[in-house]
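Chemist: Please build the complex by placing chain B on the supplied structure of chain A, with the hints as guidance.
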Amino acid sequence: MLNINNLHVSIQDEKQNSKPILRGVTLNIKPGEVHAIMGPNGSGKSTLANVLAGREEYQIQQGAVQFNNVDLLSLNPEQRAAQGLFLAFQYPVEIPGVNNMYFLRSALNSLRKQRELPPLDAADFLMLVKNKIKEVGLSENFLQRAVNEGFSGGEKKRNEILQMLLLEPRFMILDETDSGLDIDALQMVAKCVNRLRDAKRSMLVVTHYQRLLDYIEPDVVHVMAQGRLLKSGDKSLALELEQKGYGWLDINASEAQA
Amino acid sequence: MITMVIVDGQLSTEYSPPNVIVADLKNISPMQADLIQQYFPQAMLDQSGLFIHVPANIQCALHLKFITTAQNDLLLQPQNYFIFDENSSINLLVEHIDIFSQRCYINTLNAIHVGKNATVDYSKITHASARTIRFTNTFIQQKQQSHVQLNHFVFNNAYSRDDVAIALQEPQAICETRGFYVTRQDHEFVDHQIFVDHQAPTCKSDMLYKGILQNKSRADFNGKVLVRPAAQKTEAHQANHHLLLSQHAAANAKPELEIYADDVRCKHGATVGELDKEALFYLCSRGISHEEATQLLLGGFAAEVLQRVTHPMTAEYVRNVALAGQL
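Top to bottom, those sequences are chains A and B.
Residues in the first sequence are numbered consecutively from 1, following the numbering used here.
Residues in the second sequence are numbered consecutively from 1001, following the numbering used here.
Next up, chain A with everything else stripped away, as it sits in the complex:
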């Protein structure tokens, strides 16, 4: 489903110097698989998530990404969304003055249009969204507020999951969705995500903590450091990391070799 091949990505810092962040990431995710990426701060996890979603400020230096046999990197963010890609943001953006319900309906109807489906009218959409918003544990008032404006950290993440439930993506990227969540919210996220899990949907879960993976069980766990995937394994790798930290992986030694 998603094939990342030797991806090198850099970003320009304030002094306009090019700073490499991803240094050759190769990753293959098959339909139905859930992959988790763990790693220390600054290892490039969020960069990978954002590059896949199409954020502009990164420069692709080398490598390729195929998504269902389409060259993902040649598409703009809205085309990627139309292909079924969804990024749950680590820091969802506040958009003053833009009504949340209007935004959600615009998003759903944009995707329906690209899939040649008729748009949902306001009444039909209201029915749909009222059902979904219950599942993420937000009150209906949040539909009438501006997108994410003044929402707490947890409410923002719930709003992300609401978008995910409405848009029903084929490939979901959760970028530290668990950060800032209490246990109840974490279980809600996991429940919603697990309900979407099926043989055709895949997922990339970026997280610092093993805790989320108790609820969303990954098929494969990768450790990222210094812009590379150093080690991959099954879910027991996450447990091992939780116990031992990252030190035993000898991240610095791998840097010395590079």
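Read the hints as simulated data drawn from the structure, not as lab findings.
Heads up, some of the hints might be wrong.
As the list claims (entries may be wrong) - Pairs of lysine-lysine residues, derived as DSS-like cross-links and limited to a Cα-Cα distance of at most 30 Å, are as follows:
no. : chain 1 : residue 1 : chain 2 : residue 2
1   : B       : K1277     : A       : K15
2   : A       : K132      : A       : K30
3   : B       : K1233     : B       : K1267
4   : A       : K235      : A       : K156
5   : B       : K1216     : A       : K156
6   : B       : K1267     : B       : K1204
7   : A       : K19       : B       : K1277
8   : A       : K231      : A       : K244
9   : A       : K132      : B       : K1204
10  : A       : K200      : A       : K130
11  : A       : K132      : A       : K113
12  : A       : K200      : A       : K113
13  : A       : K113      : B       : K1277
14  : A       : K30       : A       : K15
15  : A       : K191      : A       : K134
Modeler: Using the frame of chain A, we list chain B on its own:
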């Protein structure tokens, strides 16, 4: 809402709303002239212009359409006098439209008296005046517990300057001044010079002006709040925000506070920026096209001002007629 039309400076409607006087200055009675001079001693009544009088306890909604149709260059210098007596309530929608794109120079003076406990909602829309040069001076004097909302909407003007001076003369008067403007052509210029004079204690003023600038257009904003020594317990807010959609657009903002009382709450702020790239990416990542996402963000930027237009018909009119196709 009753609509009255003023063509090239001439009032072309004969009737007035019930209990309300709307008259050409040339046709006013000596008693009406005395009334104007009682409130505005310097008034020069031999000019062209309008006299609008809403007596005490009367409510009315009025739509004034100023239309210029001149086929040749036109110079107009109207003076309009508005007297809103005690406990009156008026919703005034003032619209300026140019039908032919000839050069017009319009220099307007508005003098507005707002009596005790009167409520005034004054919205002005200028649009489709691509070759018009427009200067407007508005003087407002507010008595005790009066409430004025002044909304300025400017679209498609070659040159537009609005000078507003509001005197809060008695306690507990409230004035809210707001503006929203969009410039599109290279040489458009929109200028707002807003002065609020807190003369009495316990008054409130709130200023909010927002503009979206494109191409090589320019906008200026100069807001000043003066709090005199007697004006204790004043509350004054002032904000001005510009969005520049082009590298060549320019905005100048100068928010000023001048405070001589020691028990007041005043704040001011100004920003000049471009569209929020993070927000744009967020919307696009949900499948919304770049163009539609831009429209959503511009609409969101405008919403802060538009949501405060309280009169439902005015709000709808601004949205549907004036704003359509502007963003």
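Chemist: Give a verdict on every hint.
Modeler: Hints versus structure:
1. B:K1277 with A:K15: With Cα atoms ~20 Å apart, K1277 (chain B) and K15 (chain A) stay inside 30 Å; holds.
2. A:K132 with A:K30: Distance ~28 Å between K132 (chain A) and K30 (chain A) Cα, so the pair holds.
3. B:K1233 with B:K1267: Holds: K1233 (chain B) and K1267 (chain B) sit about 14 Å apart, inside 30 Å.
4. A:K235 with A:K156: Answer holds: K235 (chain A) to K156 (chain A) is near 28 Å, not above 30 Å.
5. B:K1216 with A:K156: Distance of about 38 Å is beyond 30 Å: violated.
6. B:K1267 with B:K1204: This hinted pair holds, its Cα atoms lying about 12 Å apart.
7. A:K19 with B:K1277: It holds: about 21 Å lies between the C-alpha atoms, which stays within 30 Å.
8. A:K231 with A:K244: holds (14 Å)
9. A:K132 with B:K1204: Not OK: K132 (chain A) and K1204 (chain B) at ~44 Å, beyond 30 Å, violated.
10. A:K200 with A:K130: holds (26 Å)
11. A:K132 with A:K113: Since the Cα atoms of K132 (chain A) and K113 (chain A) sit roughly 21 Å apart, the hinted pair holds (cutoff 30 Å).
12. A:K200 with A:K113: holds (22 Å)
13. A:K113 with B:K1277: This hinted pair holds, its Cα atoms lying about 24 Å apart.
14. A:K30 with A:K15: violated (40 Å)
15. A:K191 with A:K134: With a Cα-Cα distance of about 13 Å, the restraint between K191 (chain A) and K134 (chain A) holds, given a limit of 30 Å.
Hints 5, 9 and 14, counting from the list given before, are not met by this structure.
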